[in-house]
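Visitor: Sequence order for the protein chains is A and B.
Its first residue numbered 310, the first sequence is counted upward by one per residue in the numbering used here.
Its first residue numbered 15, the second sequence is counted upward by one per residue in the numbering used here.
Keep in mind the hints are simulated off the structure, nothing from the lab.
In this text, a Cβ means the ideal position worked out from N, Cα and C, and glycines have one as well.
Among these hints, one or two may not hold up.
In silico lysine-lysine, DSSO-like type, Cα no more than 27 angstroms apart, as pairs [claimed, not checked]:
(1) Lys352/A - Lys109/B
(2) Lys482/A - Lys109/B
(3) Lys175/B - Lys366/A
(4) Lys174/B - Lys325/A
(5) Lys397/A - Lys109/B
(6) Lys20/B - Lys106/B
(7) Lys381/A - Lys324/A
(8) Lys352/A - Lys26/B
(9) Lys366/A - Lys116/B
(10) Lys325/A - Lys106/B
(11) Lys106/B - Lys174/B
(12) Lys116/B - Lys105/B
(13) Lys26/B - Lys467/A
(14) Lys181/B - Lys325/A
(15) Lys375/A - Lys181/B
(16) Lys437/A - Lys33/B
(17) Lys26/B - Lys482/A
(18) Lys475/A - Lys26/B
(19) Lys175/B - Lys353/A
(20) Lys105/B - Lys397/A
(21) Lys352/A - Lys366/A
(22) Lys397/A - Lys134/B
(23) Lys337/A - Lys381/A
(24) Lys33/B - Lys352/A
(25) Lys352/A - Lys381/A
(26) Lys134/B - Lys161/B
(27) Lys353/A - Lys26/B
(28) Lys324/A - Lys106/B
(29) Lys106/B - Lys116/B
(30) Lys366/A - Lys20/B
(31) Lys175/B - Lys437/A
(32) Lys437/A - Lys353/A
(33) Lys106/B - Lys366/A
Computed, partial: chain A to chain B, Cβ under 8 angstroms [claimed, not checked]:
(34) Ser332
(35) Phe364
(36) Lys366
(37) Asn390
(38) Phe393
(39) Gln420
(40) Ser421
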Amino acid sequence: MTSKFNIIETINLCKKNNRDAQSALYQKYSFDLYKYLHFLCGKKELAEDLVQNTFIKVFRNIGSLKNNEGIKGWIFQIARNLYFDHLKSANNSKRDNNEINFDQIEDESNQSESVLELKNLLNQLDAKDRDLIILVEISGNSLLEVSEITGISLSAVKSRLHRVRKTLNNINK
Amino acid sequence: MTNETKLDQLFKTATSEFKNDLNPFMETRIFAEIDNQKNFLDIIFKSSFSRFIQGGVLASLIIFSVLSLQTPKKQFQGIVGQVYSINLDLKKVRKQNIAWLKIDLPNGVSLHSKNNNETKNLRTLTIPLQSLKFLNEMPIVFKSINKGGKAIQLTFLDTKKRTINTKRIQLNFTSSNELTF
């Protein structure tokens with residue numbers, strides 16, 4: 310592999326189970342993914358578990374990726390699906406066993422005041438609204454990319470984002 | 015400062031200040047997990063059809079020389095009415111945090127047990143693997159009563175019965191005089 314990161318070449322090598330390429334892909338996207346998941350679920354430990362499971366799924370299924378250039382969106386899509394599956398199963402478990410909500414547990418991570426302030430603000434949103442605003446404002450995806458990741462139409466992304474911003478502004482008054 | 019500007023500023027600051035406190039061993043953990051899963055699945059296929067059991071007694075051993083046990087996608091050949099087993103390596107299963115195994119059988123294929131005659135009528139069986147902690151392997155013993163292509167579906171579940179992995183084992187049963195080596 311060349312010293313300069315070539316995404317297409319890296320993905321092709323990942324498809325052949327090349328460990329160096331898999332490592333390069335991990336290095337390239339792990340922090341962005343962790344940041345997204347950390348703000349999404351609000352907990353370091355859960356975000357780490359989701360990062361781990363996402364990359365396991367990515368490396369196991371990368372052979373089925375058709376559009377190599379859409380790798381970032383594909384990785385985020387896997388992570389997002391894992392989070393919502395987890396949420397569903399945690400909600401079912403809470404309903405069945407009267408467990409406490411994991412989202413309510415205080416975060417143990419050592420992040421700055423601004424990070425904690427934003428996390429508290431985002432935690433007041435519905436998970437799907439939180440996901441949408443994080444994908445745009447924190448992960449830096451375009452609206453079109455968000456539409457592809459979430460499977461929501463571009464116009465619906467725009468209008469929902471407008472509504473989420475309005476909600477956040479009202480909370481943040 | 016308007017609320018809108020305040021919000022934009024908060025996003026900008028929090029994003030730039032976010033520390034990468036991701037576990038430094040995460041990458042190692044991921045690759046270890048992938049390697050474990052790979053080995054675990056290999057074992058299932060390498061063990062397929064390794065034993066030939068009749069009435070709970072190890073009666074004989076058939077070597078399927080036509081089968082490439084290294085290529086899991088290849089279909090396994092079996093004889094109608096004969097009893098076969100797939101051995102599950104429970105030591106490797108435990109490393110995967112697999113708590114349950116769900117076995118779905120196709121029509122015409124039934125489980126075979128010398129002690130429990132009721133299992134032969136089951137189409138689906140979910141086994142708590144953690145209750146087998148004193149065993150190192152678990153044979154799934156079965157036979158087919160008719161010819162044709164069949165698939166046994168194994169679903170591996172965690173303690174909350176969420177799917178961790180699935181494996182479909184393709185089999186082709188023929189009558190004994192049709193089997194070619």
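Visitor: Would the hint linking Lys174/B and Lys325/A be met if the CA-CA limit is 27 angstroms?
Guide: It is violated: about 33 angstroms lies between the C-alpha atoms, which goes past 27 angstroms.
Visitor: Holds or violated: is the Cβ of Ser421/A closer than 8 angstroms to a Cβ in chain B?
Guide: Hint holds; Ser421/A Cβ to chain B Cβ min 4 angstroms, cut 8 angstroms.
Visitor: Under the criterion that the straight-line Cα-Cα distance not exceed 27 angstroms, is the pair Lys437/A, Lys33/B satisfied?
Guide: holds, 24 angstroms
Visitor: Let me know if the C-beta of Ser332/A comes in closer than 8 angstroms to any C-beta of chain B, holds or violated.
Guide: Holds: closest Cβ of chain B sits about 7 angstroms from Ser332/A, inside 8 angstroms.
Visitor: CA of Lys106/B to CA of Lys366/A, is that 27 angstroms or under?
Guide: holds, 19 angstroms
Visitor: Take a quick look at whether Lys337/A and Lys381/A sit within 27 angstroms of each other, Cα to Cα.
Guide: The given pair, whose Cα atoms are some 10 angstroms apart, holds under the 27 angstroms limit.
Visitor: Taken at face value, is the distance from the CA of Lys353/A to the CA of Lys437/A at most 27 angstroms?
Guide: OK: Lys437/A and Lys353/A at ~19 angstroms, within 27 angstroms.
Visitor: CA of Lys33/B to CA of Lys352/A, is that 27 angstroms or under?
Guide: Between Lys33/B and Lys352/A the Cα gap is close to 14 angstroms, so the pair holds against 27 angstroms.
Visitor: Would the hint linking Lys181/B and Lys325/A be met if the CA-CA limit is 27 angstroms?
Guide: holds, 21 angstroms
Visitor: Per the CB criterion, is Lys366/A less than 8 angstroms away from chain B?
Guide: violated, 10 angstroms
Visitor: Do the alpha carbons of Lys397/A and Lys134/B lie within 27 angstroms of each other, as the hint requires?
Guide: violated, 35 angstroms
Visitor: Taking 27 angstroms as the top limit, are the C-alpha atoms of Lys325/A and Lys106/B close enough?
Guide: Roughly 25 angstroms between the alpha carbons, so the hint for Lys325/A and Lys106/B holds.
Of the numbered hints given earlier, the model fails hints 2, 4, 6, 20, 22, 30, 36, 37 and 38; all others are met.
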